[in-house]
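Chain U is already provided as a structure; the job is to place chain L on it using the hints.
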Amino acid sequence: MAADRSLLLSLVEEFVSGLQDSKAKDTATGVKEGQFTILQLVEALGPSLTSSQPHTRARGVQLLSEVLHECYGTLTEAEVEVLIAFYENRLKDHYVITPPVLQGLRALTKCTVLPPGSAVAMLRSLFQDVHVQVRVDTGLGTDFVFGFVQSMDGERDPRNLLLAFKIAKNIIRRGYDLGKFTEELFEVTSCYFPVDFTPPPNDPHGITKEELIEELRAVLTGTPKFAEFLLPLIIEKLDSDVQSAKLDSLQTLTACLSQYEHKDLAEFLEGLWTSLRREVFQTSSERIESAGLAALTALTSCLSRSVLNFDSEDSLRTFLDLVLQDCKHHLCEMDLKLVWPSAKLLQAACSASNRASHIVTAAVMPSLMDQFSSRTQCSHRRTLLEVVLKFIQSVKTSQPLDNDERVLLAFRESLCSMVFSALSETNASLQITATSMLTSLAQQTGLLLDSDIELAVDHLTKLVLTEEDDKVSLAVVECAGALAELHPEAFINKMIPRLKKEIFSEPMYLETNEVVPEKHSHHAMRQRSLATLAAVSTQPSVVWESTPVLLEVLSSAHTGSVNFSVEEVVSACCSLQRIAEQVQDTEETGRCFHDFIIPRLLSLALQASGSSGCCSPLVEETVLCAMVPVISTSCSRLQPKSTASKAVSLFLHGDVSFLPDNSIPSHVQLLKVCMDRKLLIRINILCVVKVEVPEIDQLLSQLEEMSCTCSHPLPYNSAAKCFAGLLNKHSQGDFLDSLIQRTIKRVCTELDSPCSPARIQAFTLLIWVAKALLLRYHPLCTTLTDKLFSLLDDADLGPMAADGFSLLMSDSADVLNRSCHADVRIMYRQRFFSENSAKLVQGFNAAPQEKKPNYLKALSNIVNKLPKQVQVTELPALLSLLLEALSCPDQGVQLSTLSCLEPVLIDPPPALIQQLEALVSRLLALISSPAMSVRIASLRCIRALKDSSLFQILPFRARVLRALAQPLDDKKRLVRSEAVQARGKW
Amino acid sequence: MSVGGRLENANPVIFQRSGERLMTASEEDEDVHDPIDDREIFDLIRSINDPEHPLSLEELNVVEQDRVKVNDVESTVGVEFTPTIPHCSMATLIGLSIKVKLLRSLPDRFKINVHITPGTHASEEAVNKQLADKERVAAALENSSLLEVVNQCLCTKSI
Chain U
1 MAADRSLLLS LVEEFVSGLQ DSKAKDTATG VKEGQFTILQ LVEALGPSLT SSQPHTRARG
61 VQLLSEVLHE CYGTLTEAEV EVLIAFYENR LKDHYVITPP VLQGLRALTK CTVLPPGSAV
121 AMLRSLFQDV HVQVRVDTGL GTDFVFGFVQ SMDGERDPRN LLLAFKIAKN IIRRGYDLGK
181 FTEELFEVTS CYFPVDFTPP PNDPHGITKE ELIEELRAVL TGTPKFAEFL LPLIIEKLDS
241 DVQSAKLDSL QTLTACLSQY EHKDLAEFLE GLWTSLRREV FQTSSERIES AGLAALTALT
301 SCLSRSVLNF DSEDSLRTFL DLVLQDCKHH LCEMDLKLVW PSAKLLQAAC SASNRASHIV
361 TAAVMPSLMD QFSSRTQCSH RRTLLEVVLK FIQSVKTSQP LDNDERVLLA FRESLCSMVF
421 SALSETNASL QITATSMLTS LAQQTGLLLD SDIELAVDHL TKLVLTEEDD KVSLAVVECA
481 GALAELHPEA FINKMIPRLK KEIFSEPMYL ETNEVVPEKH SHHAMRQRSL ATLAAVSTQP
541 SVVWESTPVL LEVLSSAHTG SVNFSVEEVV SACCSLQRIA EQVQDTEETG RCFHDFIIPR
601 LLSLALQASG SSGCCSPLVE ETVLCAMVPV ISTSCSRLQP KSTASKAVSL FLHGDVSFLP
661 DNSIPSHVQL LKVCMDRKLL IRINILCVVK VEVPEIDQLL SQLEEMSCTC SHPLPYNSAA
721 KCFAGLLNKH SQGDFLDSLI QRTIKRVCTE LDSPCSPARI QAFTLLIWVA KALLLRYHPL
781 CTTLTDKLFS LLDDADLGPM AADGFSLLMS DSADVLNRSC HADVRIMYRQ RFFSENSAKL
841 VQGFNAAPQE KKPNYLKALS NIVNKLPKQV QVTELPALLS LLLEALSCPD QGVQLSTLSC
901 LEPVLIDPPP ALIQQLEALV SRLLALISSP AMSVRIASLR CIRALKDSSL FQILPFRARV
961 LRALAQPLDD KKRLVRSEAV QARGKW
Chain L
1 MSVGGRLENA NPVIFQRSGE RLMTASEEDE DVHDPIDDRE IFDLIRSIND PEHPLSLEEL
61 NVVEQDRVKV NDVESTVGVE FTPTIPHCSM ATLIGLSIKV KLLRSLPDRF KINVHITPGT
121 HASEEAVNKQ LADKERVAAA LENSSLLEVV NQCLCTKSI
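One line per chain: the protein sequences are U and L, in this order.
The opening position of the first sequence corresponds to residue 1 in the UniProt record's numbering, with each subsequent residue numbered one higher.
The opening position of the second sequence corresponds to residue 1 in the UniProt record's numbering, with each subsequent residue numbered one higher.
In isolation and in its complexed conformation, chain U is listed as follows (with noise of 0.2 Å):
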């Protein structure tokens, strides 16, 4: 034994420092006849694999893997674990050490008793060590492969598949040379594909198909020189019956695609044509129909890539003749339904590139066009229409750069006029399809000449002002303003003044029985031309020329000039809002808004309301509210510039200089004097508008002193919101606390005097005030709501205070929104309610009896506009209270609390359970209500108390029943119904 083992330290010192490799042999053969174990091995390598020279150490495991080599055969499992281990430290070792470290583990994956899970942990640290870290083993090439293939062969645990297939697709990417395992390392990775995978359920590892079929893909799509086994095997599993696996040869036919080229496709063309034009043609899946179009695509698109040598066939136009010759005929067979699907793989290979499109449209187009001329049925020229227009569309995708190689330029004529024949039939599809065409056909640049652009817009105008059916009309709008957005010049020479032309003649009055048809039309073709000038109107230029036309509508509309009816001229406003939306926000157009639009806006507003009295259209409320958009949208939208200040002056100072009419008389007077409404809205704009308003201090100061003291309701209630619109915007500070310590000063002098005439315009300001600070959270709100729950005591505003927290808790449509850029803090109403539901009760229970109902219909106002959820968590606090408010005799609040007992009932509190009986009581007493919506509300929640299927609510079922027999007969059939539905559940 001694002797054995001074022998094994010689053999290990000869082959460590003498560098004599013939020693490695003699010390595996000593191990091979039992001379000694490779534990003592490990052992008398102890210094070598200590030592401090990195070379000594690779010595040493090269000693060590060498004779691994030779007698892998001989270990056992527990010594194979703990030389993986050994091994996979090493790993981490200086690089020197690395090719002796992988020798040896790949000596160990020969073994048999490979210990379970080692397999993974081996791989992983080589993946992680060795590919990401040194790779210096390129040397080992193929050696390697073999390796990794033998090691991953007839894996089936998911994760270490994922694994393997991470580090096939590393050995692909990094160039390994695979030489004669190209093949074998396909098989071992391909014999997974298409990969059929259901993780178990709870499974920890969260291993999904998807990322096992990416990486397998990966794998498989990383090499052309897979192309000779892969193109095979997925035509051969197209033809499986399962759909998963069709979609992901589809898939993983498409990503390969980008790697290979046409060499690799040739001698298999044929096959994977047959296989997708079967997909396409019998598939009944969308998902796989459209993967079988985008493989064709990539197949196409691949070919078209490939470099022609000169005596090789063009392989692009082989495969295109061969799509042809079994699609094209199907085009002619109007009746079959195949022309979809030809249609469709066409257009696949035709938006591939820009070869494969010239390739396409020459050998279809004509021959559609024909058909298109000689078909007579209106549903064959649609079918037709839309083929032709899937192949615009398709081109469209494979535009090149250079503009002699046009692909549709040599239909340029014949398109175009089966445009405008179809532009010019009666049925609304094809005039639909033919817009569609023609916005397709206008997005190829150069395509069209000007000529044709000109008959298109005729076509088109004379759609806008003749076609009834709004869905054409509305297709033919869509289509002018594509066109107007590519060739504005001749939408301005030709459509404008043509739709201006149209809406300023006067509907022809033939015969008095003839007017109302006749006014009819004449009014919506005038709506038509309205908003297809504002559809056209995106380019600045026509901007220009369109907008003077509108204007023009509204101040003829004023004098009076032409007639035009409300609507008419709402709709007028409406365009030019659309067009401040959808312009391009330039200097020019910012200008044009300005500069032009606006102070005209203005001016008319202000003659409108001057020559009060004259029944101009303009005086209209809608009007005017339909105007505030133009104004506040401009401003938004189009580079804020001094449009607010002067807005300002002219409110403050009566500063006409801006407006284009200096012929208003005295307008100074008109302002003071009147406090004109209509003013009142226009300032509103200011509220809306998100740009620091000028001269704030004085306007605030107006706009309080006006709210507080004008006796028309329009004007003090327009002051307030604007008022409480500024505040809300105002930064904070000291001023802004002062303004509103003034304020409520002011107010409150104002409520505390019962006699004083203008209480209930401060009770407005002082309800507009408090909604603008709680938006804001800001602190002295409280003071405000406190003294709207006093005033809910007072004899004349209780009702009226009441009615003011559902104006706190609701939006309000004009100002205050998110849309006016007003500072909203979320959850407002949750605060506010947590924050005074407790002053809302103890002020109840202290309140006199005749004051109660104001308390009632505050909380049901509050309550109403909670979200549901906090509804439903805050309800029991306040339940002994809604049961008051059921009994209450105001319809208002009985609504109300119905309304939000209802969603209460489905899941009822305990709280409610010991109160079922006043409850079911008070709610059978509202079946007989007066109110038609009070007896339907009580009824619904009859009807929810039963979906709660509680137990308790079963001794009431007879009672329930026979209340439940009389709104049967109800005179309302809506209460019926809803009778029927709760004695129904009972």
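For the record, the hints were derived by calculation from the structure and aren't laboratory data.
It should be emphasised that the depicted structure is a prediction, and the values quoted were computed from it without experimental measurement.
Quick reminder that beta carbons are idealized off the backbone N, C-alpha and C, glycines included.
Fair warning: there could be bad hints in the mix.
[Unchecked claim] Here are the computed distance ranges between Cβ atoms for each label pair: (1) L/A122 <-> U/L961: 30 to 40 Å; (2) L/C155 <-> U/Q952: 16 to 26 Å; (3) U/P903 <-> L/V32: 23 to 33 Å.
[Claimed, not checked] To spell it out: a stretch of chain L is covered by chain U in this simulated footprint if at least three of its residues, at any positions, have a beta carbon under 8 Å from a beta carbon of chain U; those stretches are: (4) 40 to 54; (5) 72 to 80.
[What the hints assert, rightly or not] Quick list of in silico lysine-lysine cross-link-like pairs, DSS-like style, CA-CA up to 25 Å: (6) U/K462 <-> U/K494; (7) U/K971 <-> L/K69; (8) U/K169 <-> U/K209; (9) U/K851 <-> U/K787; (10) L/K111 <-> U/K971; (11) U/K166 <-> U/K209; (12) U/K985 <-> L/K134; (13) U/K865 <-> U/K852; (14) U/K471 <-> U/K500; (15) L/K111 <-> U/K985; (16) U/K787 <-> U/K852; (17) U/K745 <-> U/K839.
For chain L alone, coordinates are given in the frame of chain U:
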């Protein structure tokens, strides 16, 4: 009476469901009295489920609005229903379901008459007699398992 293992009419013709009744302005007006009309009665029974299929009586064309006659003033309702096949053993059950639904949903004053459309069922007379007999209807509803089947037909899916 219970549903057997095999369907009697495995592949019935399905008809389109009519939409919801359109709301009219007068229905929202507090002061107008809406009389009970044919459509209202039809709305009550059209959503009853067929005992065999997961379909409503309307979809199977068992009940039609034309075959519902109501006279609000005289307080009478007459409903004719058409079994899908002439030998349908479910005819009595369907009739009973319609009758129960109307009993539950209409005021007491109405006299309800449910019968099979003449000439559409083999044992038309027997079924009509059963449905017209108050005693027998009451007795049938005492039977808890039968009541359960009827309730199943009446429970509406829409809620």
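Hints and how they fare:
no., hint, in the structure
1, L/A122 <-> U/L961: 30 to 40 Å, "38 Å, holds"
2, L/C155 <-> U/Q952: 16 to 26 Å, "22 Å, holds"
3, U/P903 <-> L/V32: 23 to 33 Å, "31 Å, holds"
4, 40 to 54, "holds (count 3)"
5, 72 to 80, "violated (count 0)"
6, U/K462 <-> U/K494, "11 Å, holds"
7, U/K971 <-> L/K69, "19 Å, holds"
8, U/K169 <-> U/K209, "18 Å, holds"
9, U/K851 <-> U/K787, "16 Å, holds"
10, L/K111 <-> U/K971, "19 Å, holds"
11, U/K166 <-> U/K209, "15 Å, holds"
12, U/K985 <-> L/K134, "24 Å, holds"
13, U/K865 <-> U/K852, "21 Å, holds"
14, U/K471 <-> U/K500, "23 Å, holds"
15, L/K111 <-> U/K985, "23 Å, holds"
16, U/K787 <-> U/K852, "17 Å, holds"
17, U/K745 <-> U/K839, "22 Å, holds"
In summary, the structure is inconsistent with hint 5 from the numbered list given earlier, while agreeing with all the others.
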